[in-house]
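A.B. asks: Once you've looked at the hints, dock chains E, V, H and G against the given chain S.
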Amino acid sequence: MLTNLLIFLPLIGALVVWAAPLSRGETAALAVLVALSEVAIWVVALVGFDFGSASLQDSAQREWFGDLGVTYHVGFYGFSLWLAGLTVVLGAAAIGFGAWVGRDRARAYFGLMLFLIGAVVGVFASQDLLVFYVFFEAMLIPIYVLVGVWGGPNRITATVTFVIYTMVGSLLMLASIVVFGLSQGTFSLIDSGTSGNEWVFLGFMIAFAVKAPLLPFHGWLRTAYTEAPPEVAALLSGVVSKAAVFGLVWIVLPHFPGPVDSWRTVVLVLAAAGLVYGSLLAFRQPDIRGVVAYSSMGQMSLIVLGIFAANDLGLDGAILHSVSHGLVSAAMFLLAGMLIHRTGTDRFADLGGLAKGRPALATVVMVVGMLTLAVPGSANFAGEFAILAGVFTQGWGYAAVGAVAIVLAAMYTLRLISAVLHRARGEAVREESRDLRLLELALVVPLVAILLALSVWPTAISGHSPGLPTQGSSEATP
Amino acid sequence: MIAGAWLCLLAPLAGALLITLAGTHLSRAAAGWISTLSVFVGFAGALVAFLQVAGESADERSHTSTAYTWLAAGKFQVAMQILVDPVSLTMMLIITGVGGLIVWYSMGYMKGEDEERRYFAYMALFVFSMLMLVMGGNLLLLLVGWGLVGLASYLLIGFYHDRPEAIAAAKKAFLMNAIGDAAMALGFFLLIAKTGSLDFSTAFDAASSGQLSPNTANLVALGLLGGAVAKSAQLPLHTWLPDAMEGPTPVSALIHAATMVTAGVYLIVRTHAIFEAAPNVQHLSAIIGGVTIVVAGLIALVQWDIKRVIAYSTMSQIGYMFLAAGIGAYGYAMFHLLTHAFFKALLFLAAGVIIHHLAGEQDVRKMGGLRKVMPYTHAVFLVGALALAGIPPLSGFWSKDGIIASALAEGGVLGYTLLVLGLLGGFLTGAYTFRLYYLVFHGEPSELVLEHAGGHMHEAERAHGHGEHAHGEGPLSMLAPVGVLAVLAAIGGLIVIPGLWEPFLTWIDGVAEPLVTASVTQDYATSAAAVALAGIGIWLARWAFVAGRELVPASALRTVFEHKFYFDEIYDALFSRPAQLVANRLRDDVEVPVVQRSLGEIGTGVKEAAGGTARLQSGLLRSYALVIAGSVFVLMVVFVAVR
Amino acid sequence: MIVASSIATPHVDWLALSPALAPLAAAAICLLGAVLVPSAVRRGFSVFVTAAGFITSGVLAAVLFHRSPEVQHLISDSMTRDRFAALTQILIAGFGLLAALVSFGDRRRDHVGEYYALLAAAGGGMAFFVSASNLMTLFLGLEWFSIALYILVALDTHRKESLEAGLKYLIVGSFGSAILLFGSALTYGATGELGFSAIRDATAADSSLFVAGLAMIIAGLAFKASAAPFHMWTPDVYEGAPTPVTAFMSAATKAAALVVTYRILVTAFPEQAEIWSVAIAVLAVASLVVGNLAALAQKNIKRMLAYSSVSQAGFMLIAVAANNQIGAKALLFYLIPYGAASIGAFAVIAARERELGREVTLTTLEGWGWERPFHGAAMWVFMLGFAGFPFTGGMIGKFYVFSAAYEAGWWWLIVIGVIATAVSIYYYLAVVRAMYMRPASARADLIVAGGSPPSDPALSVAIGAAVAVTVGTFFLVQPLIDLAGKAADSLPF
Amino acid sequence: MLGPSTTWYVAVAGVLFGIGTTGVILRRSPLIVLLSLEIMLNASNLALVGFSRHFASVDGQIFAISVMAVAAAEVCVGLGLIVAFTRRNMALDVDTLTELRG
Amino acid sequence: MGNVLVWIIWVVAAFACVSTGIAVISFTNPFYSALALIGNLASLAVLFLLASAEFVAAAQILVYAGAVMVMFLFVIAYLGGRADAPWAGGPRWLQLGAFVVGAAILIEVIVALATKASGGLSSDAEISRSFGSPAEIGKLFLTDHLLAFEITSIVLLVAAVGGVVLGMKTLAEDEA
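Protein chains in written order, with the numbering used here: chain S, 510 to 987; chain E, 13 to 655; chain V, 4 to 496; chain H, 298 to 399; chain G, 50 to 225.
A portion of the hints provided could be inaccurate.
Unchecked claim - Computed footprint of chain E on chain S; a stretch qualifies when at least three of its residues, placed anywhere within it, have a C-beta under 8 Å from a C-beta of chain E:
{"id": "1", "stretch": "721-732"}
{"id": "2", "stretch": "894-901"}
{"id": "3", "stretch": "928-935"}
Claimed, not checked - To give a feel for the contact side, a few chain G residues facing chain E, derived at Cβ under 10 Å:
{"id": "4", "residue": "M118"}
{"id": "5", "residue": "G139"}
{"id": "6", "residue": "V158"}
Just so you know, these hints were derived from the structure itself, not from any lab. For glycine and all other residues, C-beta sits at the position ideal for the given N, C-alpha and C.
Just chain S, same shape as in the assembly:
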């Protein structure tokens, strides 16, 4: 019931927001209200969640079409509940941002945002392959328009590239789903067994590699993240990319043990390469969103490293890092949006010196920056550490690459921080460019606060994700 509510409240909210003849302000208020209730529902689900149990919880099931064994089946495991939580929180922040900026065509805008949230939550809740596919694809619909309508000057190229890229991936996945589901006789993620078919495996892998993105599949990343409105970019990098994490953890690992083993090295090498590649490129980007975009690519590669580490250490780390990376990259995009709002640009060449006289802005950017580079003690650090410690067992080289990436992350983040905050005042920065106001703080600070709380107690996530599939090794979360 809770799960259904969590999925369908925003979807229905989207319809209402879109259809109801409300003014811009009322629409925004309604959307924010829905988003906040979503958070509240999630909190209720969290409180009632039994992390000690490894079974599906808050599940709901309904016949959809039985002749092929497809059921509407949703519910949460520990790890997916966290991902859903990430979604609702970031969703609320993004919608709040949209309300704050005052996006025009409010009804369409907020409707699509809510729709996106519902779809992503649906992805994380689905326990049937086709249901998963439905939500996985449904995410694209709002993103396509959100980027295409409210994005930057190059938005159409960006959104088309993004959609085509991801569709190619997910349609290959559809082919895999058909083959896998029919050969298993059921599309249920819980009931179906394992498959050794590498082609089917690759269909899934490519879809998730595009979504994440992994190294050669990231062509959409730069334009999509920079042309999208900042709050949409926040959701893209924060939660949409995590759909790949869910897919890898809950579809690929448990159902394709054989192919996972034989392709592990390839995936790990790609991920390691992507980690360095993304970090290096992030180092040479001329604007905030470019940096965060490639940094996201690097961090997602890192998460994939953890997922393919073949042990629970890496896997738990990957889940933890998914949540913390989601929060931090979203916060970064929102901050970029706020900067753009007051200076009209996020290019480093035009920024600078923003720390002077803007303590709140300086503090928030600094904190988020430090979390981005995974300063030891942060939740990001904990996740990264667990991932690398996990993947170390697959080969010290991966961990060494990860260590290099730690340094690179420091390089690009510090470059970003100092280009924005420090040195002489940039051209685009006017004396009267304000410090962060209360409303803006209300958007970012909760994200930062959650991150800090997670930094104090990362086990909240990493130690509370039972229900993860047992792997080839004998290690299993009790």
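C.D. replies: Quick look at chains E, V, H and G alone, frame taken from chain S:
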């Protein structure tokens, strides 16, 4: 005791959070007070804990307190726990004690700065981080503290964020430390892979019981050494430290002299079990220390910036500590750490008083004759300088002497080499310290000094915002901590003397049993040699000053020293430039043309194919019929053929 | 000696014929109306009658479906009474109804009664066509609705495009019919039989004459389904025809042609399945490739949708090529959202066309989605439906088609279908792109003729119904697939 | 059967069908194209009648008669169109019908 | 010997059939083409007769050559037969393609026939006297092929409507 320790850890954190959250609702002075008080509260906590632990018998002095599981992933678990034992207590006392004094001092030094509140928040954060480092009850928490002090250091070096040099220095410091962190982390990964845990006890037991293969032990120790070298600014990862002098002077005193940079020494002492399982690496650390002593001393001889001289001196002194830790004289390493904290903080703070007085001037060539203008400062600086040079009975003598003696006791090629390096270092210390001393305090007062004499307010100074001078030389909040430190620098070394209190060395030995102990004879011999060499150095400095000559005459050698042995240039050529080059090439030759444009190419290709297909649809009715008829024919042929 | 009295008139199953007869009756009434009803109310009268005819047809087909659990061959096997046909007849009736509603807003002044009569007649012809079960009735049913469509396409005689399209359709269509006919003749020659089941039972199964005839029959039917390479009339005709006619053709003709293709192939030529399934698969691939590629290059929306319908035919041919029960289900299911989306999309185009008074291209659609939110959102739904996005039946349809292909072992067809879908997304979303992402053009010639656009409740109802079906088929899969399954059981797999 | 066997009938039918096809593709006048279509239909009729005789089943003949009617219907519509063309002053040349293309 | 006569008639008719067919597609003037088609239909009727399809042959003459072609000629006369050289205009490959494809299809049909002929088309079935008689055909049209009969009428009706609406001048055309 445990409560005291937790209080010690959390009080500065609370202070930092309070200042940050209160923001502009807090007055600037209040921020200073909160920061200072929080550190002193920490000191009180540490003191309580210290007294209790000191009252216990020697083998029961290690206490662990676990709050909760910090990180659990898979079977790997790390608790949020603190370890209270003599080593960490010593560090806690230094950090909070000296730290408290320095924060107190800052209230005067930073008065009128634009963003004081931020400064004090950072200071409190630093103290918390440092405490985390030394109190962390397992290797991961140690790494956490390790990283956090790097963060605080970055923040404080870059405090004057509108100065490009400051920002560059801050980034450099952070990056160097990140490299060290990465090295340490790699060592930890290996340790996790082998033992499944990062608990001190598990790791050390594994190391000392020989459960770790020599190879593993070497690699883990190398990782730890990498971290230690970076953090303690030892060769070759030292280049950030002199640049770090861009930060406010109290920062230099606290972070880049008294506490953070000595963390490497603490690390080696703490993980001595692992190093002992990897003797080669341990010896490597001693050699690194020895070489650093000399190299840093040589560079210090030609520096003109008052803080940079002291900074190189810091590198050099930490070299002694590494040397000691590397040969297993853990007690002396910790002891020198302690005394060094006193006299180096004293020197920095005294330099700060001068800089403050001269409205920010740091070039010693513009100073001179300050002895008359600032007698108090002159006195305390002299104490510090003598202590640094190792002149008895000041604190530096006791600790440095012990280290040199231990090198002698170690013997062998290694020991004698180290001995020579140590003694040479003593000579250099005397020389550069007193070169500085004479340049600053003796001779005729320079124009600049005269301008600022007598509390006369310069225009620029007023603009800089320095307020009233309660004393002729500076506000009380600055002079009082300096005084306290001067006393400590003078007498602090005496705690090593048996009978005064439980000898300091025994106190440490309970945690880290020394591998070498110098005999009394060796002790006296090295003492004599060291003091003599330091004296020669001092004399040489005086001679050069009086003669108006440079200690190192202009030569190729001097050029090498002035370019700090070209480390920056080498790194630039070896790492920075290639990294940037690779990144640029990736961006311009791979990402843009291949990854991004390839999609465009595919798109163009598809569109061309699309245009071609559409052009086939010529609108000519007859061609449609032709295509249909042709297709029917083909279909029929195929059907008949394959029938 | 045969005398008249000895002729025993066969029993006629009027219920089985009724779905075809109801629209035919409506057509007759409309024709009468064209003469008897005053011109002021003729349009309303005709639409009402046509709609009533199609509704009756649909209801009767539903009754027929209910009452025909067993397959029956009627009147010497010249037609079949089964659920496969009945379900298709329901669809055709639905499409016809929607097309009638879409037509209502078309303010034609000439031949109003005749227009609706022909529309109804074409619907009746298709309804009969899908139940045909010998080569003669097949050909005649085909000609019945084809001739009606030739006229409908050309009916806007004041538009040169309409005439051009009409003549092209007539000539190429007759050419196709001739091929089908010759194929029928050859098949007849090889077996001596006209009835589908009789052909199957005839022994001369593998003669070259027989397979040559089969090839020609496939070509003739593929022509009607506008499968490549027999599709070339499609874009020209779809573009030139009056938009409501295009809407009707794109949905109903395709449905009828594909369903009949499936029926004749599995009933009359099961022995040759190995040959024809490959051929159909090749046609499917060709349709997917050609349709998608050519659609990419289009600016005119009707033309683009025409090519899109070619590629959609490709998808449905995959289901035919699968030659299994799932395939038949998949085909029937696919037709529902496809037909609804297709009629709906053309209806939206009609709305724009009517308010603008000129052809609808990507350019003339710019910014329109914001001006007319209902039409914009509906168009969006239809495009998503074509592309097979979730929350539209199009996705489920594709899923079933792929499932059928998998069951048949055609995994490479799945891959090609997937790639084709990916390509198709570009042009489907191009419509959305134009409507929403480009600013409304300020060009004077794009300002709505005569101020505010005419209100057209019938069109809106049609669009709304199309949206409801497109989306509803996503949620109500089980009941629909059950129906499709029962219908598919009529075929002898 | 009187005269040659069915094969010959059908061969002639094939030839006629080919001629008709050629005509449709070759000629530009829609009138002649319509005539060519008639030839194609007649070719089918000849085949049907031939087969009908071969199998001694009248079905083929009945089919042929139906086809005649259909042919008449097509001609009717085609001629109507051609008249409409002329009325609108459009050239009677299918090659000029390239307004719809691409 | 009667057979010889039949053969001769058949060959003549077939030859006439093919040659008039070629004539139809070769004449420049549609009027001549139409006349040629009448000849074609007539020769076909002969072939029908020879194949025992008396009723079909009669219908061919009456319906086709009589009614349909007259309609054709009327229209051609109304339009004033315009010249249209078979080789003029249009791309060369199209003209070539027309012959190639036309020839290819007929060859294919003949090949199909030839392979079949060895199997089954050689021996004809016995027929009764009433075969192809109007009575039999009429009976079948009212029994087995009732539907075909009815549908044929519907097709004709539809076509008639079409002929009328397309041939009529409309209001909209006046304005266009």
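A.B. asks: Any hints from earlier that this structure breaks? Give me their numbers in increasing order, please.
C.D. replies: 4
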